[in-house]
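Based on the sequences and whatever the hints tell you, model everything.
These protein sequence lines are chains F and Y, in that order.
Note that the first sequence covers residues 1 to 261 in the UniProt record's numbering.
Note that the second sequence covers residues 1 to 261 in the UniProt record's numbering.
What the hints contain is simulated information worked out from the structure, not anything from laboratory work.
Hints are not guaranteed to be accurate.
Because identical chains share one entry, a pair is satisfied inside a single copy or across any pair of copies.
[Stated by the list, open to error] With a straight-line Cα cutoff of 35 Å, these simulated DSBU-like cross-link-like pairs (lysine-lysine) come out:
hint: 1; residue 1: K153; residue 2: K215
hint: 2; residue 1: K46; residue 2: K123
hint: 3; residue 1: K21; residue 2: K215
hint: 4; residue 1: K260; residue 2: K124
Number of protein chains: 2
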Amino acid sequence: MRWLKFTAAGKTSWGLVEGDKVVTVSGDPFGEWQRDAQTHALKDVKIELPLIPRTFYCVGLNYLKHLKEAADKAGTVPNVPDRPEIGYRAQNALIAHDEDVVIPATATEKIHYEGELAVVIGKKAKHLTEANAMSCVFGYTIGNDVSERTWQKADRGLWRSKNADTFKPMGPWIETDVDLDKMETTIRVNGKRTGHFHTNDMIFGVVPFIVELTKYFTLWPGDVIWMGTDGASPDIKAGDVVEIDITGIGTLRNKFVAEKR
Amino acid sequence: MRWLKFTAAGKTSWGLVEGDKVVTVSGDPFGEWQRDAQTHALKDVKIELPLIPRTFYCVGLNYLKHLKEAADKAGTVPNVPDRPEIGYRAQNALIAHDEDVVIPATATEKIHYEGELAVVIGKKAKHLTEANAMSCVFGYTIGNDVSERTWQKADRGLWRSKNADTFKPMGPWIETDVDLDKMETTIRVNGKRTGHFHTNDMIFGVVPFIVELTKYFTLWPGDVIWMGTDGASPDIKAGDVVEIDITGIGTLRNKFVAEKR
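Here it is as C-alpha cells:
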C-alpha cells in the first residue's frame, strides 16, 4: 500500500495511492482507518509531508563510497564504523515533496544533496531482536539530507549544516511493500543523473539498526530512521531541481531557491 | 503564572498552580484557554511531562566551570565557545517529575546528572533580533540532562550517552514570570547539596541563543531549549534521588533505578 498525506479542496487527510488516483481514508495508518468513497486524481492534490516524527533518527556514515569520499576530502583514512550508531535531525527542517529548499542568504556554494531511504516506524517497540526487528516497520519513504559543507566543517556538531529550515525534504508518500535487496537509489539534478547506488548496500542495514536502537530507545509510531547515503553530490545552486528516485517507492523532487531577505 | 500538565481522576489536562492548589484549565497555554471551576490539591495530582517538543534543542557547553572540568578530565585545554552553537536531544528520553530514571543494564557506574534551565517557546518565530528575541519565550522549566560518561567518550556522537529512555527528566511545570539574573540552580543527591551555580552565568544567554537559532531555524510553540549546566556530578547509582532546584521555578525530583531485564 502507498500512504499519502494530501490536501484537496482545503482539507488535509490521509489517502491511498492506487494508480493515478488517491482514495481518501478516514483515520490514520498507525491506528484505526477505513477507505472513504471519495477519490481524487493524484495530479490534482497537494502532496503534504507524510508526518512529523516524534524522534528523527538519521545514520551519518553507512555506505563505503560516501565514507571514502568524505575521508579523501579531509585528507584522512576512512574510519569504517564497527557498530550501528545513530544521529538526529531536527523537525523544523522538514518539508514535503515539491516544496522549495531555501538556501540561506549566508550559506556558501557548498550545498549538497544526500539521497536516503527513510524507514517509518509503525509500532511502539523496545528490545527487539534480529528475528522480530521488522515487526515495528510500517513502511518506507525517501529523504534528502541537504547539507551545507562549509558549516559542517566549521561548526561544533551538525546544527545549521544539516538542520536549517527546509533542509530535510521527505516524501512523497510511504510505501509499505518493498523488496530492500532489489531497490536502487538514483539521483538526478535538472534531469541529469548524478548519483546511483544499490539502496541496501549499507554497512549496517535496517535490522541491525533497529536491534541496536531498541536496546536503549523506545521507538514510537511515526518515528523515522534515515539510513544514510552513498557517493557525493555536486554543488547545488538556486534554480536546480533535485530528484531522488528509489525503486518501488517513487521520486522525491524539490527545487532549490535562494532566501529572499 | 505556573502551568502544570497533570492527571486527576483519570483525566489529563493543563492547570494553573496557585499555592497548594491546581486550577483546571480548558484548552492549552499556547492557544485559547479558560479557567474552569474545578480545583485539586497539588499533592493529590499526578504531575505529567509538560510537553513533547517538536524540536528538542540543548546547549552542550555553556558554563565555564563545566567546560574546565570536562577539559581537565580529557587532559586538554578548555576550548571556550566563541559563538552560540546548539545540539539536539531525543524526545523518546523525556520523563516527568517524580518518574524514575532507569539506568540501562549495560551502563557503567559513570551516570551523571546535569541540572539545566529549559526555555519553553510560545510563538512561531524566525529572524528575531536582540530587541525582540524574548517575545517568543513562553516560560521556563527545569531539565536534567542525564549522561552516561563512558558511552559519551566511546561513541560517535551523543546518541545513547544522553538519549537512552528516561535520561531526560523535565518539569515539574512551566513558570512564566522569572528574573533570570536572580536565579540560582541547586542540585541535591539524597537531600545533600552537591552542586550550585548562578543560573544566568552562561557563556551565551537566552537572547544570543534565540537570535542565532532563528537565523536558520523556525522556532515553534512547545519547542524547548535546554541551556547547559555548570560544575560536575558525582556518580549516581540506583536508589539515589536527584533534585534540581531553580529559584522562582521549583524543584525537579527523580529517583534513579536499575533496569530490570
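Measure nothing new, just compare the shortest in-copy and cross-copy C-alpha distances for K21 and K215 to 35 Å and report within, between, both or neither. neither (41 Å within a copy, 40 Å between copies)
At most 35 Å between CA atoms: does that hold for K260 and K124 within a copy, between copies, both, or neither? between (41 Å within a copy, 19 Å between copies)
Can you give me the call for K153 and K215, within, between, both or neither, at a CA distance of at most 35 Å? For K153 and K215, both the intra-copy (31 Å) and inter-copy (19 Å) Cα distances are at most 35 Å.
Checking K46 and K123: alpha-carbon separation at most 35 Å within a copy, between copies, both or neither? both (27 Å within a copy, 26 Å between copies)
Hint check: a violation occurs at hint 3 only; the rest are consistent with the structure.
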